[in-house]
Structures are given as C-alpha cells and as structure tokens.
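**Q** Listed here are the chains, written in short residue letters.
Protein chains: 2
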Amino acid sequence: MSSGGFHARQLTIVGLGLMGGSMALALKDYAEKVVGVDLDETTRQYALDQGIVSEATDDLKNGVKDADVVILCAPVRALISMLRNRIGSYLRSNTLLIDIGSTKDDICEAMGRLPIGIHAIGGHPMTGKESNGIDVSDADLYIDKPFVLCATRRTTPATRLRALALVEALGALPIEMESARHDRVVATISHLPYLLSVAMVATADSEAQVDEAVWHLAAGGFRDMSRLAGSDIRMMSDIISTNTQAIAVLLAQFRVQLALLEKMLIGRDEEQLTEALRPVREARLKWAQYYQRK
Amino acid sequence: MSSGGFHARQLTIVGLGLMGGSMALALKDYAEKVVGVDLDETTRQYALDQGIVSEATDDLKNGVKDADVVILCAPVRALISMLRNRIGSYLRSNTLLIDIGSTKDDICEAMGRLPIGIHAIGGHPMTGKESNGIDVSDADLYIDKPFVLCATRRTTPATRLRALALVEALGALPIEMESARHDRVVATISHLPYLLSVAMVATADSEAQVDEAVWHLAAGGFRDMSRLAGSDIRMMSDIISTNTQAIAVLLAQFRVQLALLEKMLIGRDEEQLTEALRPVREARLKWAQYYQRK
Numbered sequence: 000m001s002s003g004g005f006h007a008r009q010l011t012i013v014g015l016g017l018m019g020g021s022m023a024l025a026l027k028d029y030a031e032k033v034v035g036v037d038l039d040e041t042t043r044q045y046a047l048d049q050g051i052v053s054e055a056t057d058d059l060k061n062g063v064k065d066a067d068v069v070i071l072c073a074p075v076r077a078l079i080s081m082l083r084n085r086i087g088s089y090l091r092s093n094t095l096l097i098d099i100g101s102t103k104d105d106i107c108e109a110m111g112r113l114p115i116g117i118h119a120i121g122g123h124p125m126t127g128k129e130s131n132g133i134d135v136s137d138a139d140l141y142i143d144k145p146f147v148l149c150a151t152r153r154t155t156p157a158t159r160l161r162a163l164a165l166v167e168a169l170g171a172l173p174i175e176m177e178s179a180r181h182d183r184v185v186a187t188i189s190h191l192p193y194l195l196s197v198a199m200v201a202t203a204d205s206e207a208q209v210d211e212a213v214w215h216l217a218a219g220g221f222r223d224m225s226r227l228a229g230s231d232i233r234m235m236s237d238i239i240s241t242n243t244q245a246i247a248v249l250l251a252q253f254r255v256q257l258a259l260l261e262k263m264l265i266g267r268d269e270e271q272l273t274e275a276l277r278p279v280r281e282a283r284l285k286w287a288q289y290y291q292r293k
Numbered sequence: 000m001s002s003g004g005f006h007a008r009q010l011t012i013v014g015l016g017l018m019g020g021s022m023a024l025a026l027k028d029y030a031e032k033v034v035g036v037d038l039d040e041t042t043r044q045y046a047l048d049q050g051i052v053s054e055a056t057d058d059l060k061n062g063v064k065d066a067d068v069v070i071l072c073a074p075v076r077a078l079i080s081m082l083r084n085r086i087g088s089y090l091r092s093n094t095l096l097i098d099i100g101s102t103k104d105d106i107c108e109a110m111g112r113l114p115i116g117i118h119a120i121g122g123h124p125m126t127g128k129e130s131n132g133i134d135v136s137d138a139d140l141y142i143d144k145p146f147v148l149c150a151t152r153r154t155t156p157a158t159r160l161r162a163l164a165l166v167e168a169l170g171a172l173p174i175e176m177e178s179a180r181h182d183r184v185v186a187t188i189s190h191l192p193y194l195l196s197v198a199m200v201a202t203a204d205s206e207a208q209v210d211e212a213v214w215h216l217a218a219g220g221f222r223d224m225s226r227l228a229g230s231d232i233r234m235m236s237d238i239i240s241t242n243t244q245a246i247a248v249l250l251a252q253f254r255v256q257l258a259l260l261e262k263m264l265i266g267r268d269e270e271q272l273t274e275a276l277r278p279v280r281e282a283r284l285k286w287a288q289y290y291q292r293k
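Chains A and B supply the protein sequences, listed in that same order.
One point on numbering: in numbering that gives the first Met the number 0, the residue at position 240 of the first sequence is 239, and numbering is uninterrupted.
One point on numbering: in numbering that gives the first Met the number 0, the residue at position 140 of the second sequence is 139, and numbering is uninterrupted.
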C-alpha cells in the first residue's frame, strides 16, 4: 500500500476511542511521533501500555501545539465546541486538521472560522464496530471503507492532497463531497433508518404491554429491523442532533412514501400496490448485489 | 420426540411449496399415505420422484375426499377462496382441517362456515426460508419454531387435541390464541416492519435519483433495515391485503411514535429525546437476549 506521501512529524489524535485508537495504530508507521489526547486516565494509560501512542496527555493545548497533523476523534458536539472555542489558538500554522465526525455541515462551518493558515478539512470514515472503546482498536478498521472528505473555507489544494494521502495511508477509499450533501446522504442511509427502528420498537413495546405474545413471536425480520434501536443512545442523539434539518426533510419524504402504501393497501388497490412494491424491491436487490461485491 | 398420538390414515397436503413439502417430509412417518395436491405438474413430479408424497393430483376434490387430515399450504387468499367456495363439500365428516396461512382472522371466519362435522382450526407456523419452492423442503423446518393455533367455530375439544398432536409431531411449539389477536401481533412484528422497510427504500431510491452517493455509502444499518423490502411481492401483498385493519391501527401508532421523536429532535429537547430513546433501547436489548436464548 503506497502512502501517497503521507508523513507526519507529530501526529496528534484527540479522543482515544475505537476510531482514534485505530487511527493511531493505522498511521504509526507514517509518523515520527503519535500523541494522544484524552481526558480519561485509564484510556491514556492503556494507549501507552499497548504502544498505541508514544505520548499521552489530558491537555488539549499541550497535545496539539507542536503537531503538524491533528485528527479530532471526539463526538460531534464535543468537536464543534473544540473548534469554536479553543483549538484555533493552539494550532501552528500549516497544521493539517481533520476530524471523523458523523455529520459534517456544522463541523465544516466551524472549521471555516479557524485562523487562516490552518489546513482544515472535514472527514467521515464510514466504518465502526459494535463496541466503541480503545480496547477494540484495530489497525485495519479503515481498510477498503469509504472515507468522506468535505472541503471547508480552510481547505487549500494542498490541504486536500495531504488529506487524500492520509486516507490512502489508512487504506480507506476517499470520497469527496460537499458537507451539506454528505449530511443529506447520511440522513437517508443512517439517521432515518435509526429513527424508524426506534419508532418501530416503541410501537411494538407499547403493543407488548397489552399482549406479551409480541415478544414471543417476533423473529428474524423484527430482529433486523430493530437492531439499530439498540445503538448507543449518547452517540446517536449526538449525531442526529447535529443533522436535524436534513432528517426533517427525509422524514417528510418517508411519510409520503408510507402514506402512499397505506392508501393502496386500505383502498384494496392491489394492482397499484404490487406495481409500487416492485421497483422498490428491485432497487433493494440491485443495491444488495452491489454492496456484497464491495 | 413423542407424537402425542398423531396419526393419519390419509394425510393430504394442498399446495406443495416449501411449507407444504416440509410438512409432508416431517409427517410422513405418522401417516399411512401422504397425498399432495398441486396445480403445477413439475412440482407434483418432483414431489413424487423425491418421495415427498406417495400420491399427487391436480384435483382438489380427489385429493381431499378420502383424507382424515388435510393441511392447506396455499397462499392466504387462495386458502380463503378454497374455504369459501369448494372444500366444504369435498371433505368427509371428522376430517381434521388445518392451514398455514400467515394471517388468521379471515381464514378462521371462513373455516367457521364449513359444514358441521369438519374439524377445522387455523394454524400459522412461524418459520420459513429465503426461497420458497418444494426443492428447498426440509423435514426439520418446523422444529422448535412457534406454531400458532387459532380456534374457529368448527374447533371442538377433539379438534384442538388432534391439532396439538400434529404440531408436536412436527417438533414445533404450539401457541394457542384468538385469530384477531394473532393478526394484531403479526401486524406488529411483521407487516409494519415490512411496510417501513419498503417506504424507507422508496425514500432512499428517490434520494438516489438525485445523488447516487446514497447507494455508494449505504452500509450495514441500511442493509438490515432494507432486507424486508426485498421480500417476495406476491406473497407479501397477499398477506398484508388480508390484514389491513390491524395494519392501519399499527401504522397510526407508529406515526405517533415517530412524530414524538421528531418533535423532540427538531425542538432540540435533548434530555427528553434521550429519555425517550432509553426504554426503547432497553426493550430491544432485552428482547434480543430472549430471542438469542430461544
């Protein structure tokens, strides 16, 4: 795997969870020094003991001030707060600053207000695991996974090339798009599905309170449809709270689709119903084939 | 495994698909003769060649007239039509008649109008496979799966005991409930999830028409949530068309749940949002543990 020239003198990773720890492991051969910033002492000690980072601190300023590459791996709103309130004054000029937040518009907007000279670009690696701690860090986490890059007002042509080289060093697949477009796409494929799963389980739970057979008879279809409702609440509410507008648009579209199906079903217009179901089924099968080949 | 005394002189299975073929295989040791009724000649020939049935016919009357046990394994509306229009006059008195339709209220109502003396009871084995032909028939398909039994006006205490013995012979787990209750439960755990999956994929498909990145970035969560939208259309539209009232009730409840989530999200009432998400997540995790242990 060619690094495309990625190299850091000091790589600082802010937030040592699964994503940050995996980033450190995947990039350590490309950096002379890897520094981790995390508020949790146990996490810092674990990262040092396991050789995930070479230095660790709980002080953001000390962690980032000498870095030439900084990757922000904190939750979305912690990222936004860091970008708005503090980090701009800590960073050296020419530092490459990238994040891994699951929504991009607010983050990229905050990056755009950083001091001129900081090379800031939004990032969203589309990968993860069921659990989230540094103890499940994995150097291969990003390999062959899409890594969305969103330009900001602080993204120069050089920023873009450095970010692409970083993504290539991770073994990920760079996809460049505008931040608002990214947020609309993830509202479609991730946040809408999450809310549907939650509302469906809430409906079943309320039914089950009058008839326990709901839980006894639920099977494979329900298992798949309810899985997202079991996601980490703090993480999901952090993510969806920073993408409310796109989600509201998608919810409005979804309601129309659902109402159309209901109309045909209740109106007993079966020919129309099967004609509506067919292209949806085909779209799903086509996507599933594409996704399997990936 | 004890048969609980199940025995048939002539067991007739109407409809030789996955469910009917598997029924024949699972019960052949309990019947002196197994007759299959199917309109498709290739299917009949296959069933004979593979020893799934000992006799096969395309004539419903000839197939059932000498049977003491008849299992209807056709699609729901074909079943209803058979029950309303023909089969009553073909059956001998004291024949045990059971079906495997995925909705029960209309079927049980039609069974209740059969001639007195026919022992009719509704059945819904909660099992299946991705594909549906007789070529994937499996003697073990019903083992340890719930098999719902719904009494009809033609269910005597003896009918019930014979049906329970049949379910036991299959190795399935009998669950007795009233047909309207069954339909409400399956609307909750199966039909609502199907419609949500379809409306979600329809929404994504419409988004993808302006931005292909939707398909490129969709991943595991979308895969799970979209799987049901790939179900067989004829089968699903047959099923949901016979359960419109319960589905409409569930859709109304679902809409309320979704609207509550949207209100909290858009209103930026995050404490309320996480308080709403928490019990739903707990309900899902609790059910998933129960389901895994099964």
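Calculated from the structure, these hints are not laboratory results.
Treat the hints with care, since some could be wrong.
What the hints assert, rightly or not - Result set (PhoX-like, lysine-lysine): computed pairs, CA atoms no more than 25 Å apart in a straight line:
(1) B:128 / A:285
(2) B:64 / B:32
(3) A:144 / A:27
(4) A:144 / A:128
(5) A:293 / A:262
(6) A:128 / B:64
**Q** What's the verdict on residue 144 of chain A and residue 27 of chain A, does the C-alpha distance respect the 25 Å limit or exceed it?
**A** holds, 19 Å
**Q** Quickly compare the C-alpha distance for residue 144 of chain A and residue 128 of chain A to 25 Å and report which way the hint goes.
**A** Holds. Residue 144 of chain A to residue 128 of chain A sits at ~13 Å (cutoff 25 Å).
**Q** Decide if the proposed pair is consistent with the structure: residue 128 of chain B and residue 285 of chain A, CA atoms, cutoff 25 Å inclusive.
**A** holds, 20 Å
**Q** Sort out whether residue 262 of chain A lies within 25 Å of residue 293 of chain A, counting only the CA atoms.
**A** Not OK: residue 293 of chain A and residue 262 of chain A at ~37 Å, beyond 25 Å, violated.
**Q** When you check the alpha-carbon spacing of residue 64 of chain B and residue 32 of chain B, does it fall within 25 Å?
**A** holds, 14 Å
**Q** Are the Cα positions of residue 128 of chain A and residue 64 of chain B separated by 25 Å at most?
**A** Since the Cα atoms of residue 128 of chain A and residue 64 of chain B sit roughly 59 Å apart, the hinted pair is violated (cutoff 25 Å).
This entry does not satisfy hints 5 and 6, going by the numbered hints stated previously.
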